[in-house]
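Chains as they are written, first to last, in our numbering: chain U, 1 to 130; chain R, 131 to 260; chain Z, 261 to 668; chain B, 669 to 1076.
What the hints contain is simulated information worked out from the structure, not anything from laboratory work.
Note that the Cβ used here is the ideal one computed from N, Cα and C, for glycine as well.
Keep in mind that a hint or two might mislead.
Claimed, not checked - DSS-like, lysine-lysine: derived pairs with alpha carbons at most 30 Å apart:
(1) Lys19(U) with Lys106(U)
(2) Lys215(R) with Lys149(R)
(3) Lys906(B) with Lys89(U)
(4) Lys89(U) with Lys19(U)
(5) Lys906(B) with Lys689(B)
(6) Lys149(R) with Lys209(R)
(7) Lys236(R) with Lys215(R)
(8) Lys689(B) with Lys780(B)
(9) Lys219(R) with Lys209(R)
(10) Lys219(R) with Lys498(Z)
(11) Lys742(B) with Lys236(R)
(12) Lys782(B) with Lys149(R)
(13) Lys236(R) with Lys632(Z)
(14) Lys334(Z) with Lys219(R)
(15) Lys219(R) with Lys236(R)
(16) Lys906(B) with Lys106(U)
(17) Lys106(U) with Lys742(B)
(18) Lys19(U) with Lys632(Z)
(19) Lys106(U) with Lys632(Z)
(20) Lys1040(B) with Lys236(R)
(21) Lys89(U) with Lys742(B)
(22) Lys236(R) with Lys374(Z)
(23) Lys89(U) with Lys79(U)
Claimed, not checked - Computed far set for chain U versus chain Z, every beta-carbon distance over 10 Å:
(24) Pro25
(25) Thr28
(26) Glu74
(27) Thr80
Here's the letter readout for the chains.
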Amino acid sequence: MDDLYREIILDHYRNPRNKGELENPTHTFQDDNPLCGDRIRIDLKVNGDGAIDQVRFNGEGCAISQASASMLTEMISGKTLEEAKALSKQDILDALGIQLGPVRIKCALLPLKVLKGAIYGLPATFDEEG
Amino acid sequence: MDDLYREIILDHYRNPRNKGELENPTHTFQDDNPLCGDRIRIDLKVNGDGAIDQVRFNGEGCAISQASASMLTEMISGKTLEEAKALSKQDILDALGIQLGPVRIKCALLPLKVLKGAIYGLPATFDEEG
Amino acid sequence: MLDSCIIRQDFPILHQSINGKPLVYLDSAASSQKPLAVIQAMDEYYRSYHANVHRGIYQLSERATEAYEQARCKVAQFINADSWREIVFTRNATEAINLVAYAWGRRNITAKDKILVTEMEHHANLVPWQQVAAETGAQLAYIPIDERFCCDMGAYDALLDERVKLVAITQMSNVLGTILPVREFVTRAHAAGALVLLDGAQGVPHLPTDVQSLDVDFLAASGHKMLGPTGSGFLYGKRHLLEQMPPFLTGGEMIRRVTWEGAEWNELPHKFEAGTPSIAEAIGLGAAVDYLSGLGMENVRQHEVELTRYALERLSQVEGICIYGPQQVDMRGGAIAFNLNGLHAHDVAAILDREGIAIRAGHHCAMPLHQKMGVMATARASFYVYNELTEIDRLVEALDTARRLFGG
Amino acid sequence: MLDSCIIRQDFPILHQSINGKPLVYLDSAASSQKPLAVIQAMDEYYRSYHANVHRGIYQLSERATEAYEQARCKVAQFINADSWREIVFTRNATEAINLVAYAWGRRNITAKDKILVTEMEHHANLVPWQQVAAETGAQLAYIPIDERFCCDMGAYDALLDERVKLVAITQMSNVLGTILPVREFVTRAHAAGALVLLDGAQGVPHLPTDVQSLDVDFLAASGHKMLGPTGSGFLYGKRHLLEQMPPFLTGGEMIRRVTWEGAEWNELPHKFEAGTPSIAEAIGLGAAVDYLSGLGMENVRQHEVELTRYALERLSQVEGICIYGPQQVDMRGGAIAFNLNGLHAHDVAAILDREGIAIRAGHHCAMPLHQKMGVMATARASFYVYNELTEIDRLVEALDTARRLFGG
Ligand SMILES: Cc1ncc(COP(=O)(O)O)c(C=O)c1O
Ligand SMILES: Cc1ncc(COP(=O)(O)O)c(C=O)c1O
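Please model the entire structure based on the sequences and the hints provided.
Put into structure tokens, the structure is as follows:
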């Protein structure tokens, strides 16, 4: 019935992929969006070749943020860190495939922000100017 | 040509009555309206019967404030202090006989305010609520 | 109830469709819509007599000054202030509270003092006091709410000792809808020697409000939540308090005299209105107050009681709903916060938007309250004079749709 | 010159008569009139998409948020700010200056520091610094003006030692019309380690203004003097300065997170915008900026240069007139203060009003400057895009009438 909640988004929301935590992650980060209470944690295990062997996300929040996190873990599984670094906001929005207003876009991009935080060890800043 | 500057107002402005100062006034007061720089001083000499024997005003400012002061001195000459106390804002506006906007009304009423200050020894408060 | 058919004709914004469905606007607690009378009052001002106020000796400026000051008198009458001099125009309720926090709070509150607020305060009546407490060393204490979503008056008494300088409370919670027993709060506060600031952002638009009978010392309100324009709000303060306070913002208009060395302040309320004021906004607020007075605030309240009664009844039948706030309509206003089991409030709001229904979702600027309730966010529907019972039916249907979509 | 015939069609207020004479509005330095584009942008907002901004998950709110933030981008571009994050919406220039005085001044200025202002500052850029000086013990010093009504730059150099923390100057005097050499002020101030706050209330509406090339640290401006609505103004601040500053007003919107113990602030510029913002006002200001950009600020300036040149020429022939301000049009804007020998400025303004001509009379919120010039009040005519040469003829005629009335 609804573009915003396409079946694929509902599916990722209801059946999140790679949900949980890793025992000894090589990279981990967590952040939230206090405006709506979305919270995402991402753990990575990167092997000697710089490839992402394992990825898990955990968290709570709205369907958009949770589906976005679930989809993101699928996108980066087996990729190298360099490939993961190259992921852009637009890549995420394309994967979601929906139009989002200014509030919901923050939900959608929170997982990517957390991923970049895990990789760089710092919170990423998404300045909407860039 | 102009209600605001009726001939009588221009006359009082050009030829102010009772302008100057008294040597040993029994009552004196001075105040100003910093918004426009109008400044009025009034000196009274009140005799044993409580009547105003002599009155002088001094000051500078716009035609309205100066004419109002000049007319006021004529109104109170020879009157008793009690009669002077009884003068109201409306009495002054009636004497001027013109319609005044919110800014100019302060000019028109400054001399009365100073007179009351002289009589009571205190600045009068004209609360527009009253 | 009010005849919302007639009232709705005055609100052009309501006659539109969102996603092909007639708009149902249920977010008046965030900001109300504006009747034509308000929109036109401002339009006329700009088209025929805009000029800066107070110092102009020409007719446009005199007309503008008169309209601006008349609006102040209307507001004073609306809340039954003793004098128009007790009304200071501000941008919103937040600025009004900050004015008190800066010009009264930081001057009168010291490290040995206490400030009391309730657990249900909006950030606007919370963060400024946290800041005053942090800067002065005073203690900020919270009057707890009980399981009925009301203030625990026993706990209030226990907190209210002679160290308390200020009790800052909301007239009506923007989340729970709870109406506070303001007169009771004031009597006890005054007996303990404390002043009371009332956050009327939600109360003034929806309840008959009489500052003299409530005997509050300060009242803050938002014009834009009571049919007035954005950028309008006001502070009421008892005259002797406002007289004693130093100015807050300084500059033109608020002075009597300036020299190289310093300045003397203007009389009330101009002392607190620095610079060119929000003239069109005040005029618009005056028109809003006229509109509300025309309806009668008792009728406004009764209309919302009926809407709220019906909404609580209908909503309580929605599967998996949890409603936060008092059940009895006489203890509450028409802001109803809720969650649907397993659904995030954002998702609920987004689905409702698809159905043309505008509600709010989030923490509603009351994060500590949400923390206490153990949720990160709630959905909130809120009502005003233009809402009608059928809109509540639309809300309930759409919630069922949302439940089905996410449940399935 | 601009084609004022065409421009005037956009300003409905100008098509009226005062006392049977066509209105001549010569008080734009106090507040400008508004074009239809501005009036209609606000009207449309209220009629079709008013809602509170930033947190709404429904279409009205999303549209309102987008329009509000777009207006911010327009303002940023208009003054060539590096980023929209450097623009904080305020009620007026006065509030913008006070924001800096509270959130930067009171935190960074101490008893051993100095603040410099010019002798021609408006109270808005004077009284806040007197207050900071009084509260911190800092010294406030005045950069004198010379007999040409310009700043004495040698005296500025002499005052500018390493104790100076802030130089607060106007871009253009609202009394004298004098345009200050801002870039020169900034270079010297920065060399001495001081920041510069520019009061652009008169400059931004009338001169092309580029904050990056001027390199000012803060810029305050009034929306309502640049064709925008009342209740609109803004502060520009360099990003690193705004980042370092604590918030000013606190409450909703400006926080990231609130707990029982305290709060974290939102990112720029929201950190400085507490509570529901002036949404319609920002949208109106955005439309005003579009209008001015459409004309081209170079053309606006050129139009006013021509008006000013003609006005100075014509006025200087009026018997007994004294004009306060520079003679050369390239050193000044279109605010012309004057007195007629033996007439109080109030009387002049009142006579002119009878002729349908709106000018201002008084101290124009610059009492110390008037004291220095040895007068209590001046009359002031000021121009904007909708004024035309024939209106100056009307002004001159009416001044002759006034002279005759009082002279005779
Ligand atoms: C209870 C309460 N207090 C204060 C405010 C702040 O109002 P404003 O945003 O107009 O400053 C609000 C509105 O959100 C409110 O609901
Ligand atoms: C030079 C100058 N600075 C500041 C102001 C204050 O502007 P506002 O009244 O919009 O705060 C004015 C306007 O009167 C002005 O002319």
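Status of each hint after checking the structure:
1. Lys19(U) with Lys106(U): 21 Å, holds
2. Lys215(R) with Lys149(R): 21 Å, holds
3. Lys906(B) with Lys89(U): 27 Å, holds
4. Lys89(U) with Lys19(U): Distance ~22 Å between Lys89(U) and Lys19(U) Cα, so the pair holds.
5. Lys906(B) with Lys689(B): It is violated: about 48 Å lies between the C-alpha atoms, which goes past 30 Å.
6. Lys149(R) with Lys209(R): At roughly 18 Å apart (the allowed maximum being 30 Å), Lys209(R) and Lys149(R) satisfy the hint.
7. Lys236(R) with Lys215(R): 19 Å, holds
8. Lys689(B) with Lys780(B): Status violated; Cα separation ~58 Å.
9. Lys219(R) with Lys209(R): Roughly 17 Å between the alpha carbons, so the hint for Lys219(R) and Lys209(R) holds.
10. Lys219(R) with Lys498(Z): Measuring from Cα to Cα gives roughly 27 Å; hence the hint holds.
11. Lys742(B) with Lys236(R): Given pair Lys742(B), Lys236(R) is violated - Cα atoms ~43 Å apart, limit 30 Å.
12. Lys782(B) with Lys149(R): 47 Å, violated
13. Lys236(R) with Lys632(Z): 56 Å, violated
14. Lys334(Z) with Lys219(R): 25 Å, holds
15. Lys219(R) with Lys236(R): 10 Å, holds
16. Lys906(B) with Lys106(U): 26 Å, holds
17. Lys106(U) with Lys742(B): 23 Å, holds
18. Lys19(U) with Lys632(Z): Since the Cα atoms of Lys19(U) and Lys632(Z) sit roughly 28 Å apart, the hinted pair holds (cutoff 30 Å).
19. Lys106(U) with Lys632(Z): 25 Å, holds
20. Lys1040(B) with Lys236(R): Holds, at roughly 25 Å.
21. Lys89(U) with Lys742(B): 25 Å, holds
22. Lys236(R) with Lys374(Z): 44 Å, violated
23. Lys89(U) with Lys79(U): Holds: Lys89(U) and Lys79(U) sit about 17 Å apart, inside 30 Å.
24. Pro25: For Pro25(U), whose nearest Cβ neighbour in chain Z is about 25 Å away, the distance exceeds 10 Å, so it holds.
25. Thr28: Consistent with the label, Thr28(U) stays out of reach of chain Z, its closest Cβ about 22 Å off (over 10 Å).
26. Glu74: 21 Å, holds
27. Thr80: 33 Å, holds
The structure fails hints 5, 8, 11, 12, 13 and 22 (numbered hints given earlier, in ascending order).
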